[in-house]
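Visitor: So you can see what is in the structure, the chains are spelled out below.
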Amino acid sequence: MSIRELIVSKIKDGTVIDHIPAGKAFEVLKVLGITGKEGIRIAVVVNVESSKLGRKDIVKIENRFLSKEETDIVALIAPTATINIVRNFEVVEKRKVSIPKYISKLIKCPNKTCITRHEGIETTFETLDSSLRVRCIYCGIELSYSEFIDLILKELSKS
Amino acid sequence: MNSSIASRFKGRDVISVLDFSKEDIEYLFKLTDHYLSNGYKEVLRGKVMAVAFFEPSTRTRLSFEAAMSRLGGSVIGFSSEEGTSVAKGEKFIDTIRMLDSYADVIVVRHRYEGSAKLAAEVAEHPVINAGDGRNEHPTQALLDLYTIYRLRGDVSSLVIGLIGDLKYARVVNSFLYILTIFKPKKVYLISHPLLRLREDVRRFIESRNVKVEEVFDINEVLSELDVLYVTRIQKERFPDPLEYEKVKNAYRVTAEITKRCKDDLIILHPLPRVDELDRSLDSTKHAVYFKQASFGVPLRAALLTLILGGVEGVYT
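Read top to bottom, the protein sequences are chains A and B.
For reference, each letter of the first sequence is one residue, going -17 to 141 in this note's numbering.
For reference, each letter of the second sequence is one residue, going 12 to 327 in this note's numbering.
Among the clues, some could well be false.
For each label pair, taking beta carbons as the anchor points, the in silico distance ranges come out as [said to hold, decoys possible]:
1) SER80(A) to LEU205(B): 37 to 47 Å
2) PRO252(B) to ASN29(A): 46 to 56 Å
3) GLY50(B) to LYS136(A): 57 to 67 Å
4) LYS83(A) to ASN13(B): 26 to 36 Å
5) GLU247(B) to ASP(-5)(A): 33 to 43 Å
6) SER80(A) to PRO204(B): 34 to 44 Å
7) VAL28(A) to LEU29(B): 18 to 28 Å
8) GLU108(A) to SER167(B): 23 to 33 Å
Calculated directly from the structure, the hints in this document are not laboratory data.
Glycine included, each C-beta is placed from N, C-alpha and C at the ideal position.
For reference, chain B alone in the conformation it holds in the complex (with noise of 0.2 Å):
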């Protein structure tokens, strides 16, 4: 156990993904792999998680109470706005003050951008961003991240490409952002010309020197691939949607293409699809969103054992 790193996790809001260094993040792989090897203890009994989620979620919602539940800890909270006294017209910052005074740590999902970090400036326990509208999904690229690290290692070599909804889906922004930090040999980003990524978020990724080219056919740089990380066309985030009926069907990622890529090209999606990942893939050795998923479990232990103070625990 490296105790300056553990003690820079401790009490931390986690509101970007950006605010990890890259030493922190490889911390937190190594804790995720000996969950994983040796299973979890009680590191985090007495302590409470709420969630908030102002938003619908599955797979997020879900893996932090697990993760939480297999440390020993009691979660609370809601997952929708009905039935709680945001359906009155509660503000948010009413909302996550009374939380705070409820919970050690708080798990906020909301529709618009820079709800986590107005909740961190309220909130005197650390706040986890689950998902702040387009902006940012910090713990779904770490899980992103870490899938890759544990079934292809080292990021620097490989060939990264990211085909779908580049333009309002979150977990785009928050995966280029942690590809910053790790440097990829090279990102392919692969959209319909109305999906392409945000100007701010691309100039933002070249500041940073990774290599990032745009193409508009998947075809063009299959056989380069090493990495293929497909996304959901982000209905509920258009603001017109005449534009959505424009691009609804315009990319879908089939077995045909398992014919010209990589034997080893890894398949990512963070999920839910729709029908932009065809089933016919599930079957074949390059799909692994189910494995990402379930990594979704250890990856958010690890964050919670660290931002609760109870890694000391976990190794002894």
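The following block holds chain A by itself, in its conformation from the complex (with noise of 0.2 Å):
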């Protein structure tokens, strides 16, 4: 057995996320609300050599096949991820993750003045492509990506 095969051995059922860049393969778990206490087996496998990105993580979660709008918000952090759903040891869903154009549940605005604060309703940011942004569709407050995703991995880190 290579050492390749030792460290990324196969699952036979599951999600694979692929092509993780570097140092991200933990941030891509948090985000995913996946703590480690769900009782199924993950790997994960962090700054292994890579053709694509010279460097890259990568994550199995066995018996746990997750949607596309489960993985689409991976895009946010890990915009290269490949999603490898596998059945019977075998690859039968590959896909990219896509940054959704409306995401939503995951944290509250972090604007105080926003109406989603004060009636205690879930608001939903839209991400504007052009500008790596997304912004609240109800106060139209905008953060940059890396300002969102610290806010969503606070917030999933008091859960």
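Hints given; two lone chains; assemble the complex.
Guide: Here it is as structure tokens:
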């Protein structure tokens, strides 16, 4: 068995997130809301060689098939990531992540005078492709992707 | 009457001035012209407009009410939270739901950004944003642009300066947004460094190919201006009173500027003013802000007519 096979041994069923920029795997798991307490097996491989990226991370999640809606949020952190859905050791679906047009439910609007903060409703952020920013569809406040991700990670670390 | 444009207006919400196309706005202006030239007709008889003003207002609320009355409709509503169930802790969306069952159109002003959009999601009847926090005030922008169109004609040849509180004034956002539709020759943003335009608004207007330049002293650009738009410092929206203290006397436009401005410069102000616009200007030919305020009634009458489907009755 080669070292490579040892590190990234195949899973029977589940989701493999490949081509994550090096060092981002744990953020990817966080943004997916995966804490390790779910009772499923998860392999996290960090800083392995990649012909495309130089170095990359890989995440393998056994017995869980992530939907497109679930994984598109990963695009904000890891736009190069690819998603492989594996069934019975075979890749049955391969897809790239794409930044969703709208992102809901993850965080409250950070603008204290946004109506959503006072009416107890969820806000939705619209992604602005041209400027790598998101905008609250209610109050119009804009955040860069990195500010947005920081807020998501902060929110998730509370739960 | 262009029935396809009229049908686009019927039943629509007015949340942002960016909801409109240039064609829509020009159509609205033609109907406003018509009301100014020919007077009003009671084309909205039997219709009810609810005004839900959770924040103070003089011109916006009264001009909406006057417009509705001129058109034969009636008005219900409130002009402050006191005396309503809001004071008892009723949620905003519950108040809107209730008004929606009483009226054909709801005009809403609220101190929180996004309130009009939320109201429009909850209500079945059209909602008109009369100001949501620091965000937008679309009917003010329509009226500002109408004033320029009426007094100066084609906007594309004009150099427009905005002076004052460019950071917190919602009228500034909406006015700049409408300028991205009409594309003036150039826009100067004139402000104290602490009152500069929000970066996201600036980024947006630049992305729509409007030539914008920021200056800190009006004297640098005064001789170029065709329109000067003055705004009040929005004391009530400063998160920190100390920040307000630093800028409260940062600028004041007086009759002194008329010595060096273009002969046909027009000065607009959404009103109310405090000290930023000296009364010495009122008697000059440049001051058009009271005329601007007077256009609020025909402009809002035209908007209500179109939204409530009364336009056919106007031209028959």
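Visitor: In this structure, is the beta-carbon distance linking SER80(A) and LEU205(B) contained in 37 to 47 Å?
Guide: Between SER80(A) and LEU205(B), where Cβ atoms are some 40 Å apart, the hint holds.
Visitor: Holds or violated: 23 to 33 Å for the Cβ distance of GLU108(A) and SER167(B)?
Guide: The hinted range 23 to 33 Å holds for GLU108(A) and SER167(B), with Cβ atoms some 30 Å apart.
Visitor: Is the distance from the Cβ of GLU247(B) to the Cβ of ASP(-5)(A) consistent with 33 to 43 Å?
Guide: 59 Å, violated
Visitor: Could you say whether the range 46 to 56 Å given as a hint is met by the Cβ separation of PRO252(B) and ASN29(A)?
Guide: 51 Å, holds
Visitor: Is 18 to 28 Å a correct range for the gap between the Cβ atoms of VAL28(A) and LEU29(B)?
Guide: 45 Å, violated
Visitor: A range of 34 to 44 Å was offered for this pair. Does it hold for the Cβ distance of SER80(A) and PRO204(B)?
Guide: The hinted range 34 to 44 Å holds for SER80(A) and PRO204(B), with Cβ atoms some 40 Å apart.
Visitor: Mind checking the hinted window 57 to 67 Å against the Cβ distance between GLY50(B) and LYS136(A)?
Guide: 59 Å, holds
Visitor: Looking only at beta-carbon atoms, does the pair LYS83(A), ASN13(B) fall within the given range of 26 to 36 Å?
Guide: Holds: the Cβ-Cβ distance is about 32 Å, inside 26 to 36 Å.
The structure shown violates the earlier hints numbered 5, 7.
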